Amino acid sequence: MITKDTFVRGSKNGATTVWMLAKIILPVYFVVTVLKHTGLLEYVAIIFAPAMSIFGLPGEAALALVLGNALNIYAALGVISSISLTAKQITILAVMISFSHTLFVETAVTKKIGIGVLPILATRIGLALASGIILNIVL
Amino acid sequence: MSAVEIIKEGLFGGLTSVFNIALIVFPLMVFMEIAKDAGALDWLAKLSKPITRFMKISDDSAFPLAIGLVFGLAFGAGVIIQSAKEGNLDKRSLLLLALFLACCHAVFEDTLLFVAVGANGWFLLAIRTITAFILTAIVSKKIKLPNIDQN
Chain A
12 MITKDTFVRG SKNGATTVWM LAKIILPVYF VVTVLKHTGL LEYVAIIFAP
62 AMSIFGLPGE AALALVLGNA LNIYAALGVI SSISLTAKQI TILAVMISFS
112 HTLFVETAVT KKIGIGVLPI LATRIGLALA SGIILNIVL
Chain B
26 MSAVEIIKEG LFGGLTSVFN IALIVFPLMV FMEIAKDAGA LDWLAKLSKP
76 ITRFMKISDD SAFPLAIGLV FGLAFGAGVI IQSAKEGNLD KRSLLLLALF
126 LACCHAVFED TLLFVAVGAN GWFLLAIRTI TAFILTAIVS KKIKLPNIDQ
176 N
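Those protein sequence lines, which keep their order, are chains A and B.
Sequential numbering of the first sequence, starting at 12, is according to the working numbering.
Sequential numbering of the second sequence, starting at 26, is according to the working numbering.
Think of the hints as simulated: they come from the structure by calculation, not from any bench.
Treat the hints with care, as some may be off.
Label-pair restraints from in silico Cβ distances [as the list claims (entries may be wrong)]:
1) A:A62 <-> B:T41: 26 to 32 angstroms
2) A:I144 <-> B:W68: 34 to 40 angstroms
3) B:T41 <-> A:G127: 37 to 43 angstroms
4) A:T49 <-> B:I59: 45 to 51 angstroms
Distance condition first, Cα-Cα at most 35 angstroms in a straight line; then the derived DSBU-like pairs of lysine-lysine [as the list claims (entries may be wrong)]:
5) A:K34 <-> A:K99
6) A:K123 <-> B:K71
7) B:K167 <-> B:K116
8) A:K122 <-> B:K116
9) A:K122 <-> B:K167
10) A:K123 <-> B:K110
11) B:K71 <-> A:K23
12) A:K34 <-> B:K33
13) B:K61 <-> A:K34
14) B:K166 <-> A:K123
15) A:K122 <-> B:K166
Which residues of chain A face chain B? A partial, calculated answer using Cβ under 10 angstroms [stated by the list, open to error]:
16) T14
17) K23
18) I36
19) Y40
20) V42
21) V45
22) A87
23) K99
24) S109
25) E117
26) T121
27) S142
28) L150
Bear in mind the structure is a predicted one, so any value in this text is a computation, not a measurement.
Don't be surprised by glycine CBs; every beta carbon is placed ideally from N, CA and C.
With the rest of the complex left out, here is chain A (with noise of 0.2 angstroms):
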């Protein structure tokens, strides 16, 4: 049944899920930006550039996917707010990013219901880089 008391839930899991991906979106933007404009992002771009070409996108993507992978989907979120992206990269990223994201909490997570680590990693893995290099074939 509906009530007041739904509507209180709601607005507090909103809250509790907009400060959660503040304090992580925040820092990361800023991060990213003081970066960009002292040219050290510009290093991180030349290094990933090879390895990003793969699927259509600057070197300093890499940064979204290492930080989506590492820790959530929110850190991606703050990187690829924080550099200049086309619509298909940002859309390949997003699909890359939703296969494989969160690894060291999600993997916790599904070996708990008795998956094997390996398997769900290399699944995981295995479709964000597939994905990713279709996507840039076909789009």
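Starting from the known structure of chain A, arrange chain B on it as the hints suggest.
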């Protein structure tokens, strides 16, 4: 660009991003609570039955599947573990269910988060769901899993 300008851009750019994402996430959380209290989960579990049939796993998997698809892996896993404890899920159902959810979970939140930064949401959702289906179908057919059918 001066240091002050960089700091300003870093702060306000970040706040703008958070605000845009909050515009989507906050109403979504309220909506999900409303849906929960309106009994949408039972309804979703019913809708998930064709998926469990397709995966050839037990009907009792439908509820945990619906939870995982809507609310994410952590919450979904809790329900799955509970169902497994109560003995409603055989080993094969459990593995296929977990595999499906590992590829495809929290579909509303994850999809809308990426829409907030400019991704094509329908495309993202379609790719993720279709891939999860295909992958589970392949694993269910090709790989021999302990088959203890309880139905």
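Okay, the hints, checked on the actual structure:
no. : hint                                 : verdict
1   : A:A62 <-> B:T41: 26 to 32 angstroms  : holds, 30 angstroms
2   : A:I144 <-> B:W68: 34 to 40 angstroms : holds, 38 angstroms
3   : B:T41 <-> A:G127: 37 to 43 angstroms : holds, 42 angstroms
4   : A:T49 <-> B:I59: 45 to 51 angstroms  : holds, 46 angstroms
5   : A:K34 <-> A:K99                      : holds, 28 angstroms
6   : A:K123 <-> B:K71                     : holds, 26 angstroms
7   : B:K167 <-> B:K116                    : holds, 16 angstroms
8   : A:K122 <-> B:K116                    : holds, 14 angstroms
9   : A:K122 <-> B:K167                    : holds, 22 angstroms
10  : A:K123 <-> B:K110                    : holds, 12 angstroms
11  : B:K71 <-> A:K23                      : holds, 29 angstroms
12  : A:K34 <-> B:K33                      : holds, 17 angstroms
13  : B:K61 <-> A:K34                      : holds, 27 angstroms
14  : B:K166 <-> A:K123                    : holds, 24 angstroms
15  : A:K122 <-> B:K166                    : holds, 23 angstroms
16  : T14                                  : holds, 7 angstroms
17  : K23                                  : holds, 8 angstroms
18  : I36                                  : holds, 5 angstroms
19  : Y40                                  : holds, 3 angstroms
20  : V42                                  : holds, 8 angstroms
21  : V45                                  : holds, 6 angstroms
22  : A87                                  : holds, 9 angstroms
23  : K99                                  : holds, 9 angstroms
24  : S109                                 : holds, 5 angstroms
25  : E117                                 : holds, 5 angstroms
26  : T121                                 : holds, 5 angstroms
27  : S142                                 : holds, 7 angstroms
28  : L150                                 : holds, 9 angstroms
Comparing the model with each earlier hint shows no violations; every hint is respected.
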